[in-house]
Amino acid sequence: MMKLKSHIPLLIAIVGLFCLPLFIHNPYYIHLAETILIYTILLFGLDIVVGYIGQVSLGHAALFGIGSYTAGVLFIHFGFPVWATIPASIIVTAFFGGILALPALKVIGPYLAMVTLAFGTIAQILINEMTWLTEGPLGIKLPKPQLMGAPMTEAEFFWVVAAIMILALIVVDRFVKSQMGRAFEALRDSPVACDCMGVSVYRFKVIAFVISAGFAGLAGCLYAYSEQYISPNTYNNELAVLFLLGIIMGGRKSRLGAVIGAAIIVLLPKLLDDINLFRIVASIIAIVVVVGAAMALSKKVTTARRVAVPLAGVVGLAVFSFWLNSIADWRLSIFGFMILLVVYYLQNGIVGFAKSFYQSIAGKAKTTRGEVAEEVDDSISFISAVANQNTGAELLKVESLLMQFGGLKALNNVDLSIKRGTIHGLIGPNGSGKSTMMNVLTGIYVPTAGSVLYAGESVVGKTSSDIALSGIARTFQNVQLFGEMTAIQNILVGLHHTFQSNIVEIALHLPRYMKEEAEAHARALALLKFVGLEDLANEEARNLPYGKQRLLEIARALALDPELLLLDEPAAGLTAPDIKELLRIIRKIRDSGITFILIEHHMDVVMSVCDTVSVLDFGQKIAEGKPAEVQADEKVIHAYLGT
Amino acid sequence: MELLAQILSSGIAVGMIYAVIAFGFQLTFSTSGTLNFGQGEALMLGALVGLTCVDTLGMNYWLMIPVVCLFGMIQGGFVELIGVRPAIKIKSEFGWIMSTIALGIIFKNVAENIWGRDALPFPSPLPMEPMTFLGANILPMEILVVVGALVMMLLVEFFNRKTIYGKAVVATANDRDAAGLMGINTSMVITFSYALSSLTAAFAGVLIAPLTLTGATMGGALGLKAFAVAIIGGLSSGLGIIVGGLILGIVETATGFYISTGYKDVPGLILLLLVLAYKPSGLFGKSAIKKV
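Those protein sequences? They're chains A and B, same order as listed. Under this note's numbering, think of the first position of the first sequence as 1, with each following residue one higher. Under this note's numbering, think of the first position of the second sequence as 1, with each following residue one higher.
FYI, nobody ran anything at the bench for these hints, they're computed from the structure. Hints are not guaranteed to be accurate.
As the list claims (entries may be wrong) - Distance ranges between label pairs, derived from CB positions:
no., chain 1, residue 1, chain 2, residue 2, range
1, B, Gly238, A, Glu634, 48 to 58 angstroms
2, A, Ser326, B, Thr212, 26 to 36 angstroms
3, A, Gln359, B, Gly238, 46 to 56 angstroms
4, B, Gly238, A, Trp323, 43 to 53 angstroms
5, B, Val151, A, Asn478, 27 to 37 angstroms
6, A, Ser298, B, Val151, 37 to 47 angstroms
7, B, Arg161, A, Arg587, 57 to 67 angstroms
8, A, Leu408, B, Arg161, 47 to 57 angstroms
9, B, Arg161, A, Gly461, 47 to 57 angstroms
10, A, Gly642, B, Gly238, 49 to 59 angstroms
11, B, Thr212, A, Thr303, 24 to 34 angstroms
12, B, Val151, A, His31, 35 to 45 angstroms
Since the model is a prediction, treat every value here as computed from it, not as a measurement. For every residue, glycine included, the Cβ atom is placed at its ideal position computed from N, Cα and C.
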């Protein structure tokens, strides 16, 4: 019932959308609205790349073009009907999205932006030059799809586009809220941790690009039918920047934001065609910002310095608009200027701004997410029943391991043997190679020489996510949580391996997906309760206090059903009561049969829980044995005290 | 053989221009980890300002160069102040990428409004009679381009290695925080690196202008290809960009000759994608060790 109620505004909006052609008969306006819907579909896809995996793509105009041209080429060469060109456009464009993702995988940030820009440029050149296929600069004309023997009217096609847009909306919304969407956000927040949770960054970046491109292809195909004429010049890099502007201005990670963004980028050029209208709008914006800034200043929410630049910007824009006689020539400048303002003063987009404004008015604390802590089902076994047998058998064997960085031997001929069901301490002064060992064991570094056998199999050369899935989980010395995700979502990323459902099941909410999601949710809550964080389940991880973040990391690692758990300085920065709690948790996990490697500087922690302790110094193992023996070892004392 | 020599000589001249612009990318990347996506527009503005100096103000080509360099410095500093500094402050990668793109769009549009949309010829300071060398026709201007590009890069290297101000730049490049703690005004150094980067671009603009046409749209493709060069060679290697520039310049000229000038830009960009896919740190770059 609650659910239905919250959907009412959406339903009204959908009904309104479908009724639009009944009230507006001017085909020009219907066409405009249609274009907004088409751009919205594209922005849904672009948002996956920009909002969820946090990458800048300047290649979406080209993908949009590939979608259009797939439809156009299939039509003029083979006479394909629309029901065949739509899936073809999606598939072909998704394929190109995959190609675009391949080099993009190894690079981040500015590199990726440039790569996508290069991709866009190549695509445009190829469309222009391959005249035998694309008719080159002449472009392709194609009619509106047929409906019962006659071409559709503008209104009929509008309904088709609107229906597809609603479908896209549902699919995207379900998709980003599924385990896939969580994987995307996780790889944005911490790629390393994401890999170590068994969620392959590599794989999910490709998936994100492929799906994003699929939406671009769908939008491109519809656009071709909507315009009835396509030419290479439409799909230039400026369009790509326009799409980006749309998504940031509307608001990232928001479906409503995509709609608003699409409306802005479609209407903006129209607005800029009319100098009088532009003067009025620029003046209104200037007045609103001036009044807003004055209010903010009087309430001392902000400082004069901070508002000076945007004030000067909007007032300058208004004055500029009256000075100009014709606006057409300055369109791009105004457009660039808007990007600057949006990037620095409207980072979360209109939707994000409205949300935080609403929260500040309504006086809601930003941190509570409005949900009451849910009931935890205590009967769930949240820690996997690990092969509890064979305690004492060898689980991990490291032999003459060498890890060399240039001339530095961070690990030099180290042997380790970890017995099942034990807690193995790894200590040593700073820089002795402890964390390097962790990184080698989890596949982040590939050792220069030596072997690492885990449960009889070599892990050298395996990817981090494969190693994680084979049963080695870890925490990080400098906490690597997925900061913008809530505590429970962090754990759900760790539970990613329990999901089998595919994209179709997610889109249709088929039973298997619903079951997996419910089970994972219940287990995540149980894990949170285990580390005492059930009340903070819906709190963003970055807002948690430091000690709680460390506990959350442990819970997330447990979600992976590990046999071997690597804890890298879990007690660092913890208060005395926190440490006590930590020890309780470690012992309890050990009792369920999980094996530990524990790096720690707190000697009392090491001495009280470890069964065996190995000591590293300058990359070499200098001692090993029971805690008490190691404590008395001459070499160890020398390494620590230097006397 | 003559054909080969011809392709090589033309390719080398173009390639050296790419190398100089790529050098500009390196300068800002090393100090601040940011790039100016409007680098091509900096080149275009340099060329057009140079054209105005020579054509309208009747200045001598050689006298115009320092004026253009000064203009480039101011333009680069402006980009840093408006577009990059706020982004560095809020640690927003998205921010500086978008704002330098936006500034590039604005510069291009302003240039269109001032100088018009048509490409303009740039008077050559050297005779346009080709010289024959190994059967290839070489324009004196092409030799000037190669020499000018090398001199520019050597001067900046000399500045960085031998002067105290240059050492501040190098220190900032190595470790911005540590340099800041040593009393170096690192944000000043970053602004300076942008000024220097646009200076080299503007200089490249007036070098290449007599060989091509000048116009508001000349920058986009050049900037992108220079980025390809910076990636192919490696963002940290001086030798890399020269080699990368030469490879790209020659491949491009050969493509234009053997296939079609329409496809001229394609192989370079494909090369870029390939290098990124197989050796992201570039042919000459060192790969960084990720710290966890």
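Practice problem: Could you tell me which of the hints above the structure violates, numbers in ascending order? | Solution: 5, 6, 8, 9, 10, 11 and 12
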